[in-house]
Amino acid sequence: MPTSREWTAPLASTGDRSRRDLLRAAASASVALALGAPSGAADYASPAEALRAIDAFEAEVVARLEALGRSVAPARAFASSLLRDLERHRRGREATRRRLGLGIEEPARVSPAAPLDLRALHGAQEKLAYAHAEALPAFADPRDVRSLARHMVDAARHLAVTALWLDAEEERG
Amino acid sequence: MAERADALGAYRALPVSRRETLLRLGRGAGVAAPVLGLLQGKAAALPKGDDTDLAILDASVALEHQAIWVYDEGLRRNLFPAGLRSYAVEFRGDHQGHRDTQIAIAEERGGQPPPAFSSYPVGTLREGDDMIREALLIEEAAQSAYLALVSRIRARDYLLSAAFILVDEVRHMTVWRRVRGLRIY
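For the record, the sequence lines run as chains A and B. Following the working numbering from start to finish, the first sequence increments by one per residue and tops out at 173. Following the working numbering from start to finish, the second sequence increments by one per residue and tops out at 185.
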């Protein structure tokens, strides 16, 4: 790991900016926010719908991390670590579903051979992190909100790590 | 004035662990006692409701003021290493956005968010490493605070906003952890 003296990476890149822009708008557009939810944010009608959306976004991230781990040996530890977190999140959502009396759903299906593409991984992680944020209002019980918020923190950390990696790649040209 | 002296005294008196650092920073920022109780894990102290939302907004604004001051201080004194200065500028801008958003939400609900102090207690800041350490402390505190408080927020728009802010705080924290050579995955 570099020390601060060695570190010269530019600003964190965020790849596809569309949902990043939504976050920026959410955090900065004071008046709009004060008057209501940021436009463009998903409004999940129920916990089941919110969890289903997270499942779908997570499935794409999982497929891309698996492809990365298979194809790039130095990235194996990174991919494995993130996949372990996501598996823990999946089990957590199952527990939430059980507690809320929701049926356990089949894992979302994605293309089995997601192409190796760091920027696409970043985009998928971004969707997953924001899906967690958008899901929180669908839950009435603070325990569920707390649990999903913890997952969101992991997802946001994964997103930030990939952004730093993208930056480093761009630095290298 | 006496309150401010109390806050400084409390800041200096506390030993340093992760939670205590959060409390120390919270006290230094002027976070009110009920919300500090929540940050200590006494969640039952604050039921969901408009009053709690306003208390959380006040606490969050206080922490954002503090974060902005820390970045201002580092930038003013040119303490961020050259390659990291742009991060500091970006993150300060994020915190200003978070502050303004939450002030607007609070005022919309009839609240009067706290003003910023003219200065905040920080550790020794002599060089870049000190500054990065302090920035990381602030970001870790912000992340811990939002994570602890988010489940107590009732209003949908504020909950959504706080969640998006939390995503930002995690990004800031991850960058500074990486810079300090700490584990990020």
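Watch out, some of these pointers could steer you wrong.
[Said to hold, decoys possible] Partial pick of chain A residues on the chain B-facing surface, computed with a CB cut under 7 angstroms:
hint: 1; residue: P74
hint: 2; residue: L100
hint: 3; residue: L102
hint: 4; residue: A140
hint: 5; residue: P142
hint: 6; residue: R146
hint: 7; residue: R157
hint: 8; residue: W165
Hints in this document: simulated from the structure, not taken from any laboratory. The beta-carbon is built from N, C-alpha and C at its ideal position, and this holds for glycine as well.
Status of the hints after comparison with the structure:
1. The closest approach between the C-beta of A:P74 and any C-beta of chain B is roughly 13 angstroms, which is over the 7 angstroms cut-off, so the hint fails.
2. Given the 7 angstroms rule on beta carbons, the hint for A:L100 is violated: about 16 angstroms separates it from the nearest Cβ of chain B.
3. A least Cβ separation of about 19 angstroms between A:L102 and chain B goes past the 7 angstroms threshold, and the interface hint is therefore violated.
4. Violation of the interface hint for A:A140 is found here, the shortest Cβ-Cβ separation to chain B being roughly 9 angstroms, above the 7 angstroms cut-off.
5. For A:P142, the interface hint holds, since its Cβ comes within 7 angstroms of a Cβ in chain B; the closest pair sits about 4 angstroms apart.
6. Checking A:R146 against chain B: minimum C-beta separation of about 4 angstroms stays under 7 angstroms; hint holds.
7. Because the beta carbon of A:R157 sits about 5 angstroms from the nearest beta carbon in chain B, less than 7 angstroms, this interface hint is met.
8. About 10 angstroms separates the beta-carbon of A:W165 from the nearest beta-carbon of chain B, more than 7 angstroms, and the hint is not met.
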